[in-house]
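Below, each chain spelled out in residue letters.
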Amino acid sequence: MEFGIFTIGDVTTDPTNGTTPTEHERIQATVTIAKHAEEAGLDVFATGQHHNPPFVAPANPPVLLANIAAQTERIQLSTATTLITTTDPVRIAEDYSYLQHLAGGRVDLTMGRGNTGPVYPWFGKDIRQGIPLAVENYNLLYRLWREKNLDWEGNFRTPLNSFTVTPWPLDEVPPFVWHGSIRSPEIAEQAAYYGDGFFHNNIFWPTSHTARMVNLYRQRYEYYGHGRADQAFVGLGGQVYMHKDSQQAVREFRPYFDNAPVYGHGPSLEDFTAQTPLTVGSPQEVIERYAGFREWAGDYQRQMFLMDHAGLPLKTVLEQIDILGEEVVPALRKEFAANRPADIPGAPTHEWLVARHRAGKDPVPGGAPGTRAYADRLAAQEEAQKKAAARS
Amino acid sequence: MIEIVAVSTGLSEDSTTTRLTERMLASAQTALEAAGATVSTTHLNVRHLAKALTELTVSGLPAPQLEEAFAAVARASAVITVAPVYKGAPAGIHTLFWQLVDDASLAGTPVLLGATGGTPRHSLAIESTMRPMISYLKGYALPTAVFAATDDWAGGAQSGLDARIQAATDQLAELTLALNPGAVAAGTAEDTPAEAPAGTAGESPRATGTRGGEGTSATEGYDRTIPYAGPAEESGKSAITPSGMGERARAQRDRDEFDPEQITPFADLLGQ
Numbered sequence: 001m002e003f004g005i006f007t008i009g010d011v012t013t014d015p016t017n018g019t020t021p022t023e024h025e026r027i028q029a030t031v032t033i034a035k036h037a038e039e040a041g042l043d044v045f046a047t048g049q050h051h052n053p054p055f056v057a058p059a060n061p062p063v064l065l066a067n068i069a070a071q072t073e074r075i076q077l078s079t080a081t082t083l084i085t086t087t088d089p090v091r092i093a094e095d096y097s098y099l100q101h102l103a104g105g106r107v108d109l110t111m112g113r114g115n116t117g118p119v120y121p122w123f124g125k126d127i128r129q130g131i132p133l134a135v136e137n138y139n140l141l142y143r144l145w146r147e148k149n150l151d152w153e154g155n156f157r158t159p160l161n162s163f164t165v166t167p168w169p170l171d172e173v174p175p176f177v178w179h180g181s182i183r184s185p186e187i188a189e190q191a192a193y194y195g196d197g198f199f200h201n202n203i204f205w206p207t208s209h210t211a212r213m214v215n216l217y218r219q220r221y222e223y224y225g226h227g228r229a230d231q232a233f234v235g236l237g238g239q240v241y242m243h244k245d246s247q248q249a250v251r252e253f254r255p256y257f258d259n260a261p262v263y264g265h266g267p268s269l270e271d272f273t274a275q276t277p278l279t280v281g282s283p284q285e286v287i288e289r290y291a292g293f294r295e296w297a298g299d300y301q302r303q304m305f306l307m308d309h310a311g312l313p314l315k316t317v318l319e320q321i322d323i324l325g326e327e328v329v330p331a332l333r334k335e336f337a338a339n340r341p342a343d344i345p346g347a348p349t350h351e352w353l354v355a356r357h358r359a360g361k362d363p364v365p366g367g368a369p370g371t372r373a374y375a376d377r378l379a380a381q382e383e384a385q386k387k388a389a390a391r392s
Numbered sequence: 001m002i003e004i005v006a007v008s009t010g011l012s013e014d015s016t017t018t019r020l021t022e023r024m025l026a027s028a029q030t031a032l033e034a035a036g037a038t039v040s041t042t043h044l045n046v047r048h049l050a051k052a053l054t055e056l057t058v059s060g061l062p063a064p065q066l067e068e069a070f071a072a073v074a075r076a077s078a079v080i081t082v083a084p085v086y087k088g089a090p091a092g093i094h095t096l097f098w099q100l101v102d103d104a105s106l107a108g109t110p111v112l113l114g115a116t117g118g119t120p121r122h123s124l125a126i127e128s129t130m131r132p133m134i135s136y137l138k139g140y141a142l143p144t145a146v147f148a149a150t151d152d153w154a155g156g157a158q159s160g161l162d163a164r165i166q167a168a169t170d171q172l173a174e175l176t177l178a179l180n181p182g183a184v185a186a187g188t189a190e191d192t193p194a195e196a197p198a199g200t201a202g203e204s205p206r207a208t209g210t211r212g213g214e215g216t217s218a219t220e221g222y223d224r225t226i227p228y229a230g231p232a233e234e235s236g237k238s239a240i241t242p243s244g245m246g247e248r249a250r251a252q253r254d255r256d257e258f259d260p261e262q263i264t265p266f267a268d269l270l271g272q
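If you read the sequences in order, they're chains V and Z. When you line the first sequence up against my numbering, it's residues 1 to 392, in that order. When you line the second sequence up against my numbering, it's residues 1 to 272, in that order.
You may find that some hints are simply not true.
Said to hold, decoys possible - Calculated lysine to any residue pairs in the SDA-like style (CA-CA distance at most 25 angstroms, straight line):
(1) V:K315 x V:H36
(2) V:K386 x Z:P265
(3) Z:K51 x Z:R75
(4) Z:K51 x V:D271
(5) V:K387 x Z:T264
(6) V:K125 x V:E153
FYI, nobody ran anything at the bench for these hints, they're computed from the structure.
From just these sequences and the hints, can you work out the full model?
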């Protein structure tokens, strides 16, 4: 089980004193935060991809992640998310491959569609094609990382003739991919089809919704024969603010909550904490709440926390990461390890993926012969052929 | 079982919108029960959801009570919706409720519209604002709506309010029965198969009851017979057949998009 932090790089005015960091300060703070996460003993740092203010998450996450890779030793570098809709899959394949070599394999990606309409046309795309773009672009990315001299033709970019990604993925094994979605069943299905991971951001909605998406993904993962439902790769987001005195935590966080991007000026802090994973209180309260996630999500692989948003000053963010690293994560590691079946995989590392690849156990997209999905597909093809024969 | 769900926005303690809604609900229930259906009613007051609606608007967080309300609308056999009219348009939070409900929630559902206002000058708000919204949501907005101005509450038969309510709720009952033939067959005559296949049900029972009994002056002389008299080919009267109308839309509405057994296989999305 991995624990980490994810950021969207929002440049937000601190509501308690009216100061706003410059873009330069926010970008430098992000690097400091990532390095601090490693020092505090966290496992993952993930950055969003953004093209518009008030966010300074990088337009191309490998730029930031390569910088952090050079200043860290151990922490896994990931995205939250890589925009599969508006970014050319060829560039994703090559940039993340290069990053993988630089970082010694400490890289994975979370695919997302992005949700702001104006971004699509900046890159020549159409938001109405969001799902088809995510489907075709990822299928191309998947093949780019696995097939040399690829011939390819699709709807959303120019054809490729005898194209080979440069550099080729480290040790012949592409970075692990999570598919992120809040409410699109197609994306949970996509993750299951490929045997990839499924990540739910989980911070803006009641967990009952997250549970349904996770269940859909798990059932379909088993259907495609990649393993049992409880062995599928699940990642969840979360959001906490802590103080040893929980009333003090509420007092400190409330102005940030009330003015936060996305949910500020809406529900009360009390309602939002009751209905979503946001937990504002003592480290013990956070431990108890998050340890309970396995009751509805099953044993999962990755828990991410949003820590550096809504205008919280850098000093506070670093203190919060310290509490996470010193008190919360060690306790959660113990909680999640207890009674975890031995045959449920941990979060995939590069070494684990290399071993799986060499053992010839890479997942087969859509299900290998012998799986229920494979049999269903054959039956559907026969049915279609019969119908075609009957017509002619 | 027929479930009528009323969504109204009664803003004051003694709200005429609430009063009108309750009369419409009772009248619709009477009409359906007279036809032999078992009826349950649910009355949602948007006033109690006002905070949840604004929170969902600005933050996307659906409060549990709002999700329950949306679920009630989606499972309803028939919907009655009544708004107070301000400045020639339905009160904002009433409109907001229907703007936030899922797109297909009303697919194939008969919807009876109503409104209240200070003067009759407000009455076209139903036609200009409420009806197009229900159409967008794929509901069957019934041709007759009910508008009650202050004067209508003076009482007596001359206001005609009760008669208008009856006329409108009869339409609601007729269409609801046409779309749910099993609801009547199950509850009445033994010779009617409980689950008659759509379009082949025997003669439908005709309602003969008069709402409110003999003493209710406003209803006197009004024929409460439900015009729906079985499949068109038999009665030659109703063009509505129980099957077909909105069936596909309702199937779409009732589909659970997160059910692993109902998911569109990824190969279809890939086009392989």
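Outcome of the hint check:
1. Our distance criterion of 25 angstroms between C-alpha atoms is met by K315 (chain V) and H36 (chain V), whose separation comes to about 11 angstroms.
2. In summary, the hint linking K386 (chain V) to P265 (chain Z) is supported, as the alpha carbons are separated by about 21 angstroms, within the 25 angstroms threshold.
3. Proposed proximity of K51 (chain Z) and R75 (chain Z) is supported: the alpha carbons are some 23 angstroms apart, at most 25 angstroms.
4. Of the pairs offered as hints, the one joining K51 (chain Z) and D271 (chain V) holds, with about 11 angstroms between alpha carbons and a cut-off of 25 angstroms not exceeded.
5. Note on K387 (chain V) and T264 (chain Z): the hinted pairing holds, with a Cα-Cα distance of about 21 angstroms set against a maximum of 25 angstroms.
6. About 17 angstroms separates the Cα atoms of K125 (chain V) and E153 (chain V), which keeps this hinted pair within 25 angstroms; it holds.
Every hint from the earlier list agrees with this structure, and none is contradicted.
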